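Note that the protein sequences, when read in sequence, are chains A and B.
Residues 1 to 326 in this note's numbering are what the first sequence lists, from first letter to last.
Residues 1 to 333 in this note's numbering are what the second sequence lists, from first letter to last.
These are computed hints drawn from the structure, not numbers from a lab.
Model, not experiment: these values are computed from the prediction.
Some clues are possibly wrong.
What the simulated footprint calls covered on chain B by chain A, stretch by stretch (three residues with Cβ under 8 Å from a Cβ of chain A suffice, anywhere in the stretch; the number is not a length) [claimed, not checked]: (1) 57 to 67; (2) 102 to 115; (3) 259 to 267.
Think of the CB as a built atom: it goes at the ideal place given N, C-alpha and C, for glycine as much as any other residue.
Listed below, chain by chain, are the residues.
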Amino acid sequence: MRPDPASLGLPPADLLHMHRKMWAIRAFEERAIELFTAGELPGFLHSQIGQEATCVGTCAALDPEDWITSTHRGHGDIIAKGGRLDRMMAELYGRETGYCRGKGGSMHLFDFGLGILGANGIVGAGLPIAVGAALSARLRGTAQVSVSFFGDGASNEGAFHEALNLASTWQLPVVFVCQNNEYAESTPRRVQQAIADIATRGAAYGVPGVVVDGMDVLAVREVVSAAVERGRDGGGPTLVEAKTYRFYGHYVGDPGVYRPSEEVEAWKQRDPIRLFEARLAEAGVLGREEADQVEAEVRQEVDDAVEFARASPEPDPASAFEDVYA
Amino acid sequence: MSAEPRSLTYREGLNAAMAEELRRDETVLLLGEDIADPFGGSYKTTRGLSDEFGAERVRNTPISEEAIVGAALGCALTGLRPVAEVMYVDFMTLCMDMVVNQAAQIRYMSGGQVRVPMVVRTQGGAGRSSAAQHAKSLEAWFCHVPGLKVVMPSTPRDALGLLKASIRDDNPVIFLEHKLLLLDPYAETVPDGDHVVPLGVADVKRMGTDVTVIATSRMVRLALAVADELAESGVSVEVVDPRTLVPLDEEAILASVRKTNRAVVVHEGFERNGFGAEVAALIGNRAFDDLDAPVERVAGANAPIPFSPVLENAVIPNEARIRAGIEKVLGGL
Chain A
1 MRPDPASLGL
11 PPADLLHMHR
21 KMWAIRAFEE
31 RAIELFTAGE
41 LPGFLHSQIG
51 QEATCVGTCA
61 ALDPEDWITS
71 THRGHGDIIA
81 KGGRLDRMMA
91 ELYGRETGYC
101 RGKGGSMHLF
111 DFGLGILGAN
121 GIVGAGLPIA
131 VGAALSARLR
141 GTAQVSVSFF
151 GDGASNEGAF
161 HEALNLASTW
171 QLPVVFVCQN
181 NEYAESTPRR
191 VQQAIADIAT
201 RGAAYGVPGV
211 VVDGMDVLAV
221 REVVSAAVER
231 GRDGGGPTLV
241 EAKTYRFYGH
251 YVGDPGVYRP
261 SEEVEAWKQR
271 DPIRLFEARL
281 AEAGVLGREE
291 ADQVEAEVRQ
301 EVDDAVEFAR
311 ASPEPDPASA
321 FEDVYA
Chain B
1 MSAEPRSLTY
11 REGLNAAMAE
21 ELRRDETVLL
31 LGEDIADPFG
41 GSYKTTRGLS
51 DEFGAERVRN
61 TPISEEAIVG
71 AALGCALTGL
81 RPVAEVMYVD
91 FMTLCMDMVV
101 NQAAQIRYMS
111 GGQVRVPMVV
121 RTQGGAGRSS
131 AAQHAKSLEA
141 WFCHVPGLKV
151 VMPSTPRDAL
161 GLLKASIRDD
171 NPVIFLEHKL
181 LLLDPYAETV
191 PDGDHVVPLG
201 VADVKRMGTD
211 VTVIATSRMV
221 RLALAVADEL
231 AESGVSVEVV
241 DPRTLVPLDE
251 EAILASVRKT
261 NRAVVVHEGF
271 ERNGFGAEVA
281 ALIGNRAFDD
291 LDAPVERVAG
301 ANAPIPFSPV
311 LENAVIPNEA
321 RIRAGIEKVL
331 GGL
């Protein structure tokens, strides 16, 4: 069959952008793991490796003015929404040049200018906040949509249920994107909820629920795009469940003894970047060499971000007392 | 805006504050359970506002405190000035993540990227046999959390002016009303025009020379009544109302204590680790040499609020207990 770049339904430039973003996430996370393991980063770290298609597929459906809320495992979401690698890395180092001047760290990355209303250390907390942003769009008469990323564990929190109910009652433009990686910390889904698909919980609130292959970036983009369009048109919220997997433990250093190795290996066979690259190659959009080139370029960008962070000053201890109040 | 002098009750003061701010600033909105007309709020504080400003800006919500405050926060982060109502301060337990982990800290956690202009109005206090889950005074919880401002008006005039200032403030403000004050028919004249009372400024509600009573919310009223009573026996009581607990007008409290050399702190919240402990520590640290007696606390007992009026009266400060506290610190006279 002759390669057809149009067969993927998106302009090649968009596809290449998505591919590069996925690699940026992978490269950033791999480097962060390395640095954390070497003792160079304080705190703790949750890697999004394996979930890149959920981050990039979702944000590819958004406009720059749209908002996201993210989670403790949020680096990928933030990179996908346009977050700068250097300022993110500097924040992971706790430096003055970091996004939050060293006050937030990995779990509390924000860039309000990019519509990133925050990663969040509290499971489920982003959902009600995203509902509020969508209400704000309604009242201010803008076309903005908000997306709330959350995990399977968060779907058992009250905040999830309250947020879906309120967004539905008010028919607000919110897309709830569940990055279902099948484990809430160490607890498999079968012992935390008695349902096959989290998307079915939408029905309880009159919210359409859609299951999508979270390893397929194009499928995620398509489903989220439809949900975004519905939201912008006044059709209310959507619950998207992207079935995905984290290739590493809950946090860096967690050996993941609670997951059978065959299961981990099976998911790794469905590496979202490799799957996408196969599609791109098949359509004649991107060859192997070009893909390797992209990988090398983003790894260099991550190296530059690390150098930026290392060269950045520590925060002035006096700044610990700044910005408690406006 | 009306230029004629107005006589308002506490509840009318709050209502006027919201109406005036909704009128002057299109980014202001109200959201909460049962706040819209015709019901107008469980204490009728928002009566008439949805009729005047519409259901988009004065929004009834499900019984869903975490979503109410979380949605208010999302609004505040994206250009609006929400005023959320939580029906009872006891129900703040249901949205503490949004208040404590989120609203209070987002500015700080983000390195100062954003302002969080939001108000959470709620009401507390005993005196109606509302019992343990509808009558607490939990101001100390909120005072404990950096990033929150905490406001407790005691008069109609302050209710009006402080709520307007809170709505205009760029920080999350916990605005604590008292249910008995909401039901109180007492009215007072409020100044013409745009009456705003700045946060962080105490008010001396009564001048005196023998003892300072630092009281909050409804306890200000009780302290004033006791002061009247004691004046007849020649004791001159100064009553200082901090009005905002955070930020606290420390200088006003210290100035009064340096004058009278004796202090009693009166509040309805539980005594243990309460607001009174903070004030006592302030006075002890910065006005120790001016004291002629230890600082006395008259506060809610360290027990849940009971149902029976007889029992309720036993755990909440009343005029007799306030008077006893004052007499105790005056014992050396």
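Do the hints match the structure? See the list:
no.: 1; hint: 57 to 67; result: holds (count 7)
no.: 2; hint: 102 to 115; result: holds (count 11)
no.: 3; hint: 259 to 267; result: violated (count 0)
Consistency note: the structure conflicts with earlier hint 3 alone.
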